[in-house]
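Number of protein chains: 2
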Amino acid sequence: MIGLMQSQQLLISSLMDFAERHHGDAEIVSRRVEGDIHRTNYRQIAARSKQVAHGLDHMGLGFGDRVATLAWNGYRHLELYFGVSGSGRVLHTLNPRLHPEQIVWIANHAQDQVLCFDMSFLPIVQAVHANCSTIKHYVALCDANKLPTDTGIPGLQSYEAWIGAHSTDYHWPEFDEDSASSMCYTSGTTGNPKGVLYSHRSTLLHAFAGALPDALNISARDCILPVVPMFHVNAWGLPYCAAMTGCKLVFPGPSMDGKSIFELMESEGVNFAAGVPTVWQMLLGYLQSNQRRFSTLKRTVIGGAACPPAMMQSFQVDYGVEVLHAWGMTEMSPLGTVCTLKNKHAKLDAAQQMQVRLKQGRGIFGVDMKIVDDNRAELPWDGKTSGDLLVKGPWVVSEYFGSDGASPLVDGWFPTGDVATIDADGYMQITDRSKDVIKSGGEWISSIDVENIAMAHPGVAMAACIGMKHPKWDERPIIVVVTKPGVTLTRDEVLAFFVGKTAKWQVPDDVVFVDAIPLGGTGKMQKSKLRDMLRDYRLPGA
Amino acid sequence: MIGLMQSQQLLISSLMDFAERHHGDAEIVSRRVEGDIHRTNYRQIAARSKQVAHGLDHMGLGFGDRVATLAWNGYRHLELYFGVSGSGRVLHTLNPRLHPEQIVWIANHAQDQVLCFDMSFLPIVQAVHANCSTIKHYVALCDANKLPTDTGIPGLQSYEAWIGAHSTDYHWPEFDEDSASSMCYTSGTTGNPKGVLYSHRSTLLHAFAGALPDALNISARDCILPVVPMFHVNAWGLPYCAAMTGCKLVFPGPSMDGKSIFELMESEGVNFAAGVPTVWQMLLGYLQSNQRRFSTLKRTVIGGAACPPAMMQSFQVDYGVEVLHAWGMTEMSPLGTVCTLKNKHAKLDAAQQMQVRLKQGRGIFGVDMKIVDDNRAELPWDGKTSGDLLVKGPWVVSEYFGSDGASPLVDGWFPTGDVATIDADGYMQITDRSKDVIKSGGEWISSIDVENIAMAHPGVAMAACIGMKHPKWDERPIIVVVTKPGVTLTRDEVLAFFVGKTAKWQVPDDVVFVDAIPLGGTGKMQKSKLRDMLRDYRLPGA
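First to last, the sequence lines map onto chains V and S.
Going by this note's numbering, the first residue of the first sequence is number 1, and it counts up by one from there.
Going by this note's numbering, the first residue of the second sequence is number 1, and it counts up by one from there.
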C-alpha cells in the first residue's frame, strides 16, 4: 500500500525558491577578487541564478551537461551553484590548486562544456584552454568593463554581460531527484583523479542531515563563513544548508590569511566558520601575534584532516570558541561524522568532554559505518580495536564517473581508506590513513598520534610523521618538523618531548627539519610528496 | 544523467537501526498505566520492536495491513511505532478520547486487523469490539499476569506474552519508501473522520525538517517529554525525531495533570517538552499554586491551538522557558511552521522579539504556503492582508484514505481551513479557523483575538469566543468564560477589560459564564459543541 502524501522531488532549485521566498533579505557578503566587499541577499541571488539558467539555455546546453567553475567562495559562485544545478545541468567545481595538467585531464574526463572562472585564475585558463577539447564557452566572473581584450581565450565573455542579457524570471524545471546535480574530483594522491557525481536527492538529504543540531547546527540565526572552498566538496555542503535555513553567508574570496579572515569575521558578526586545520593555524597565529580576540565567533567546524589537540585546546580554552571535529570525504558529500556531545556527557567536566571532542565524532543519521579486519569481519566498537573504516548511505558514492560501472564498494560498503576505532558510544577516531600507518615489528603506529605530540611542542609549526624502511622492524617512524619563525630546535629536544607521552617503541627514530611540508590542493599535508622529498634519506643505523 | 550515489530507501526501520547502533544506552523513561516509572533504552526498544515484527508475521499480517493502537505515551507504544511500520505494516493510532461510535467507524473504515491497547482503555475496547468487524487480534499492553480472564474480548492476549514468544533478531524488510507507514484520522468536527495515510518517505523527511534548529531543534543532548499524545499525529513526529537523534525520551503515560508532569520533568532532567495550550495551562496553574519553578526545562513547543499571549509571557518572563509557537495539521504530519527568530531579530529587545514569537511562525524547509482570496488569487505577504491558507510539500496529504481518488487539493495545494496573514519575513499568523471567523456587518472579527484578550484577565481560566446570529449585523461575538477556582467575575468586569485593547465593534456583546468549555480528543476547544450548548441562548437586544 502506497502512502497518500504529496509527491514532490527533492531538487536543489527548491532550496533557492525557499530562501528567496522566506529569507529574501538575508545577507550574502563577499570579499571579491576585485578586493572590495560586496553585499547582496537571497532574493537577488535567486534572480541572478535564474539569469544563469537562461544563459545556459541560450548556450544550448542540454540536461546533464557539465558546467565547470574555477572560483573562490563568493556570490557569483553561489549563483552558479543554483543556476547550473537548478536548471538541470551539472556543476563541476574544478580545484584551481591542482596542476594545470591535472585540470586539463579532469575537464576533459568530465566533458565540461562551459568554464566560469575568477579573474585571478586567468593564467590557469590561458595555460589549459587549448587542451580542454570539450569546453565551448568561457565566462570570466567579472563586470563587462573588467574583461581584458587580449586573453587569447576564444569567445571569452564577462559573467555580468552574459547573465545581464537575460530575464530574472525563470521556471525551474521539475525532474527525477536522482538526476546528477554536481561533481567533484578527488585530488587523487595515487592514480588518476576520480569523479564523484552527486544527485539532487543526495544533496538535499545531506543538507538536511548537515544542518541538524548534532551536525553543523545551522539556523536562520547564524552568520556563517565557509573558509573551506566551494571547489572542495561543495564547501562541505554549506551553500545548500545556507539556502535551506536562510542564514547569513560571508564569503572570504581569495583572502585566506589570518588577518583578512579575522577582520571579515569581526565586521560581519560571523558566529560560525568552517575550514581545514592549516587555515585555522594561520588564523590562530594572527590572533596570538596581534593580541586579538573574537567578539562574535562561537563555533568552528574543523575537518579535512584531524585537528591537532593543541589547536582545539587553544580555540576552546584561550578563545572560548567551540570546536566541532568533523570527518568526511569527497565520496561522502562529504559529511560522515561530527563530534557533538550526548546527553550523558553533560555530567562530565571540561577535560573529560575534551577527550570526547578530540575524536572525529559520531555518525550523523543517514551514514552507517563499520570497521573491519583484513578478512572483512566486523570489529567491535570498543574504542581500542582499529580496522578499515567502511561507510554507506544515501550520500555516499556508488561508483565513480566514467568508470564503466566498476564498483568501488565492498559488499555494498564504501572503503574509506582510513583506519579507525569506534567506541561504545559510536564515536569514531581516525588512527591513520591506511597508507600512512607505520608497520613496525608487527605492530601498527599511528602517524597521527605521533604528529599530535610533536604539534603540541610550543616551537613546532607543523609536523608530519612518515614510515621509513628498516631492515629489522620493517618500518620505523620519523618526524618531519617545521619550526615556528625565529625558533631553533634540535633533534634531541624534539625527541625528548616524546618521553612519557607515548610508548617508547612509538617514539620516532629521527627528526628531519624542513622549511615547509608540501600541502595539497585542499590544505592537507601531502605525505607522498614528502616521501619523494626524502627519497635519499636513510634512518640512523639502518 | 543520473547521479552516482548509493540508492537507499528512506525507511522508518533505519531510524531504529541508527538509534540502536549509535545511541543504544540512551534512556526511554515512562510513567506507566500501572503507576510506576519504567526505564529502558533504545537498544532494548529495538530488540522488542523486532519481537513485535515477528509477532505480526506470526499473526499472518500482510504488507500494508493496519495495526491499531489505543494507548498513552509509553515505551510499548514506541515499540509498536517501530515494529509495526518497520515490518511493513501500517500503524493506526486511534484516539481514545473519541466517542466509542466514532472509534468503531474509524476502525472499520481503516480495516484494522489488530488492536493493541493500554489496560486503562479496556472499557472502550469492551464497548466497541463486537462492532469492529475487521479486527482479528486483541493485545493488551500489559504483563501476562495482569491480564484479566473475563474481559469478554475474544482471544485477548497480553503484549508481553505475545512478543515474549519471539526472537529479538529480525531483518527489517526493504521496500519502496513511498509505502504507507502509519495513519491518523482527523477528529472531524463536521462530516465523517478522514484518514491521513503517511509514508515512510514523508515520515523521514518530516523528521529531518522537524529536528532542524529552525524547527524543534532536537539533538542527542536533549531530554524530551512529549505531552502531546502519540495518538495525535504521531506526537508531532517526536518519536521519529528522537530515534533520528538518540535523545533521551520521557513519556508521561496517562498522568497529564500539572503535578505529575512537573515531577517527571524535574526527576528526569527534561529540557524540552511539547504539548497543546490546555495542558500547559494546567502545568502553569500547578506551578503558580505551589510556588514551584522549573530547574531543567529550557524550551517548550506549543501547538495544536494558538498559544494565548499571556501563557507565552508567563513561560518566558516568569519561568525563563523559551516558547516555540508551532502550527500544523494532521494532514501535514503535522509540522508546517515553527516560530523561531532570524539573524536580523538579534538586535530587537525582548518586547519586540515577543511580537515576533506570538505569530505561528515561519514555514520550515519543505513546506510551502500561500494565502489566497475568494478567487484563489495569491495575497501579499504584508502581515495585514488575511486570506485562506494553502500549503504543499512532501509531508502534506494528497488524498484521504478510502476516498476513491477524490482530491482535497486546489491546484495542487491543500486548503488548511485556516485564515491567516503572512508578513514580509514569512511569519504566518492564524487569524481564525475559516468556520470560526465572526462576520459582523461585512467586517471579520477574529475569535482568537477576542479570546486572547479575555485569557489575559487574571481571573479567567479559559475563554471561547463564538459568533451569534444578529438581525442587524449578521453575527456578533460573545465570550464564554470559565473563571479560575474561587474567583467571581461579573459580565461588566469582563467587558470592561476589553476597553482600550481592541476596536469597540470587536468587543463581545455579551459574556456567558460556564463551568467548563468542551474540549476535543486533542485538547482543543470544541466550538461546535459549545454552539450546541448555547442553542437556546439569545443575544441581548436581538
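The hints are simulated quantities; they were obtained by calculation from the structure and are not laboratory data.
Cβ atoms here follow ideal geometry from the backbone N, Cα and C, with glycine treated the same way.
Any given hint might turn out to be false.
[As the list claims (entries may be wrong)] Derived list of chain S stretches under chain V, where covered just means 3 residues or more per stretch with a C-beta under 8 Å from a C-beta of chain V: (1) 4 to 14; (2) 35 to 41; (3) 150 to 161; (4) 315 to 326; (5) 360 to 367; (6) 464 to 476.
[To be verified] So, partial list: chain V residues that the calculated Cβ filter (under 7 Å) puts toward chain S: (7) Gly-64; (8) Lys-146; (9) Leu-147; (10) Glu-177; (11) Ala-180; (12) Ser-199; (13) Pro-213; (14) Pro-394; (15) Val-396; (16) Phe-497; (17) Phe-498; (18) Val-499; (19) Thr-502; (20) Lys-504.
Comparing the hints with the structure gives:
1. 4 to 14: Coverage by chain V holds for the region 4 to 14 of chain S (6 residues, Cβ < 8 Å).
2. 35 to 41: Per the Cβ count (0), the hint is violated.
3. 150 to 161: violated (count 0)
4. 315 to 326: This one is violated; 0 residues, fewer than the three required, reach chain V with a Cβ under 8 Å.
5. 360 to 367: holds (count 3)
6. 464 to 476: Per the Cβ count (0), the hint is violated.
7. Gly-64: At 3 Å from the nearest chain S Cβ, Gly-64/V passes the 7 Å test, so the hint holds.
8. Lys-146: violated (32 Å)
9. Leu-147: violated (32 Å)
10. Glu-177: At about 9 Å, which exceeds the 7 Å cut-off, the nearest Cβ of chain S leaves the hint on Glu-177/V violated.
11. Ala-180: Since the shortest Cβ distance to chain S is 4 Å, the answer is holds.
12. Ser-199: Ser-199/V check passes; min Cβ-Cβ to chain S is 3 Å, inside 7 Å.
13. Pro-213: Holds, because the Cβ-Cβ distance from Pro-213/V to chain S comes to roughly 4 Å (cut-off 7 Å).
14. Pro-394: For Pro-394/V, the interface hint holds, since the closest Cβ of chain S sits about 4 Å away, which is under 7 Å.
15. Val-396: The hint holds - Val-396/V has a Cβ within 7 Å of chain S, the shortest such distance being about 5 Å.
16. Phe-497: violated (36 Å)
17. Phe-498: violated (35 Å)
18. Val-499: Status violated, d = 38 Å.
19. Thr-502: violated (30 Å)
20. Lys-504: violated (36 Å)
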